[in-house]
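Protein chains in written order, with the numbering used here: chain A, 2 to 291; chain B, 517 to 766.
Hints are not guaranteed to be accurate.
Claimed, not checked - Per the computed footprint, the stretches of chain B lying under chain A, defined by three or more beta-carbons under 8 Å from a beta-carbon of chain A, are:
| hint | segment |
| --- | --- |
| 1 | 546 to 557 |
| 2 | 574 to 584 |
| 3 | 605 to 611 |
| 4 | 630 to 637 |
Source of the hints: derived by calculation from the structure; they are not laboratory data. Quick caveat: nothing in here was measured; it's all calculated off a predicted structure. No residue lacks a Cβ here, since even glycine has one placed at the ideal position from N, Cα and C.
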Amino acid sequence: MTELLLNSIVNGILLGGVLALLAFGMNLIFGVVKIIHLAYGQCVMLGMYVVYTLAVQMHLPVILSCIIALPVMGIVGLVLQLLVINPLLKAKANPLTQLLALAGLTIVVENAAQVVWGADLRGINIQLPLIHIGNVFLRTSNLIAFFGALLTLWGLYLFLNRTYLGLAIRSIAQDLDSARLMGINPRMIYFITMAAGGILTGLIAAFFSPIYAVHPHFGGSFTLMAFIIVVLGGMGNLLGGFIGAFIIGVVTSVSAVLTSTEIADIIVLVIFISVILIRPQGLLGIRVSK
Amino acid sequence: MPRSSRLTWERKRPAAMLEIEKVSVFYGEFQAIFDVSLRVSEGETVITVGPNGAGKSTLLKTISGLLQPRSGSITFLGNRLDRMPAHEIVELGIAQVPEGGRLFPQLSVYENLRVGSFLPRARGEATATLKEIYGLFPILDERKRQYADTLSGGERQMLAIARSLMSRPKLILLDEPSSGLAPRVVTRVFEFVHQIKSQGYAILMVEQNVRKGLQLSDRAYLIESGRIVKEGPRKTFLEDDYIKKAYIGL
Numbered sequence: 002m003t004e005l006l007l008n009s010i011v012n013g014i015l016l017g018g019v020l021a022l023l024a025f026g027m028n029l030i031f032g033v034v035k036i037i038h039l040a041y042g043q044c045v046m047l048g049m050y051v052v053y054t055l056a057v058q059m060h061l062p063v064i065l066s067c068i069i070a071l072p073v074m075g076i077v078g079l080v081l082q083l084l085v086i087n088p089l090l091k092a093k094a095n096p097l098t099q100l101l102a103l104a105g106l107t108i109v110v111e112n113a114a115q116v117v118w119g120a121d122l123r124g125i126n127i128q129l130p131l132i133h134i135g136n137v138f139l140r141t142s143n144l145i146a147f148f149g150a151l152l153t154l155w156g157l158y159l160f161l162n163r164t165y166l167g168l169a170i171r172s173i174a175q176d177l178d179s180a181r182l183m184g185i186n187p188r189m190i191y192f193i194t195m196a197a198g199g200i201l202t203g204l205i206a207a208f209f210s211p212i213y214a215v216h217p218h219f220g221g222s223f224t225l226m227a228f229i230i231v232v233l234g235g236m237g238n239l240l241g242g243f244i245g246a247f248i249i250g251v252v253t254s255v256s257a258v259l260t261s262t263e264i265a266d267i268i269v270l271v272i273f274i275s276v277i278l279i280r281p282q283g284l285l286g287i288r289v290s291k
Numbered sequence: 517m518p519r520s521s522r523l524t525w526e527r528k529r530p531a532a533m534l535e536i537e538k539v540s541v542f543y544g545e546f547q548a549i550f551d552v553s554l555r556v557s558e559g560e561t562v563i564t565v566g567p568n569g570a571g572k573s574t575l576l577k578t579i580s581g582l583l584q585p586r587s588g589s590i591t592f593l594g595n596r597l598d599r600m601p602a603h604e605i606v607e608l609g610i611a612q613v614p615e616g617g618r619l620f621p622q623l624s625v626y627e628n629l630r631v632g633s634f635l636p637r638a639r640g641e642a643t644a645t646l647k648e649i650y651g652l653f654p655i656l657d658e659r660k661r662q663y664a665d666t667l668s669g670g671e672r673q674m675l676a677i678a679r680s681l682m683s684r685p686k687l688i689l690l691d692e693p694s695s696g697l698a699p700r701v702v703t704r705v706f707e708f709v710h711q712i713k714s715q716g717y718a719i720l721m722v723e724q725n726v727r728k729g730l731q732l733s734d735r736a737y738l739i740e741s742g743r744i745v746k747e748g749p750r751k752t753f754l755e756d757d758y759i760k761k762a763y764i765g766l
């Protein structure tokens, strides 16, 4: 039993790394563009189909397929900004309209995927070796995903803190008008943010491809998880999201082992609701006084 | 003969850096500014005074491009500003210090200053400008690692002014620099404005502390209910009975 528990905790931490990256993307878009990207998990799903199409249907090497998925998903991000988000911002749509538009987008993306790739499970079918440390079994694919995600987060942290562009992104998130007065063009920053968010979905898709098989409704649960993590950590708070991701990762993994995956979802939501009742601003969020 | 004398007069007049011609600004259906004309010359400090809600801040926001006029024209060094987005106006050399500073609260003092030099033409000189600014405001050097929202009111205003200098502007728009500050701090903030003025920057200031503001200025405008009702050199403003009674409290 302790072995099982230990295994599930380790795997929960590994899952938490990728969830942190997922939540980071959604958080960044919310912080900068002020839009809750409800189709974020669906974009990961699209990315996995891109990897599948390139690797299985077109017989390209898996690594190359994963690399190509990054710019492809970056372009998807740009297209979303152009076709969905810009019109919403231009019309100064209220938050409910924005949510409905993005929720509608998830339906469009999922059904389009079903038309193109069908409803069956699609996987790239590669077997990576298991690693055995003491009584803990680790899948290499999970380890790659975990360290890849942490490395990416570290790179993003440096980018946001050390470059002019990163500084511009952070300042737009804090005060739009002040940022414009510094000579920052918000439209350009929105495009850059959505492209970066898109590339991240491609990267997550690359990490997920050796772990999961994809189907048209694969993204929904990850959108929900990312959203829960973002709210749990405090919306727009990147560090809060990072901590939240590991909490959710470990809780999901451990409760799935102790009970079942269905109960695990319930436990995650119960924790989420409890935190929101006690700290509506999230773990590290700042309370906005009226 | 009369023609040539008019030309001499034109030549004597200092070149207008900023020229606002009959500008009207609306918030939706509500008109905030009516046919306002105003000019600022090179190196000049101009103050716009007037009661709360007269449209003073609106005027500054219209110049900096945060708002767009419905009619009229704004020209800065030969460039039309009235349809230009805010980030391009900064590039021409206009820096606005918004009311209350509007700093980036979760960026450090140093990062706030660095965003100030975001413009490509300012980046190359950022290190030199930063050194100058730390010389002018040593307290910012001491606090450079602190988050902006941990500063006192006066320090924030100082940082906001310093941040605007980082873009290497030619004209600085100051929106109520004394707003919300204790009287003693106000005196210090005006000392800083005076320092900046003596460095040769042109300043267009909007201020409710009329007496202190006028002391710094070369020329003044009085704006009431969105209209310019009086303009003239500092002296006539300081001696004007209406201004004294309504705004200086003498």
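Now for the hints, and whether the structure bears them out:
Counting residues of the segment 546 to 557 of chain B whose C-beta sits closer than 8 Å to any C-beta of chain A gives 0, which falls short of three, so the coverage hint is violated. Against chain A, the segment 574 to 584 of chain B contributes 3 residues with a C-beta closer than 8 Å to a partner C-beta. That satisfies the three-residue criterion, and the hint holds. Taking a C-beta to C-beta cut-off of 8 Å, the segment 605 to 611 of chain B contributes 3 residues in contact with chain A, enough for the three needed, and the coverage statement holds. Using a Cβ-Cβ cut-off of 8 Å, 5 residues of the segment 630 to 637 of chain B lie near chain A, which meets the minimum of three, so the contact claim holds.
In this structure, the one hint that does not hold is number 1.
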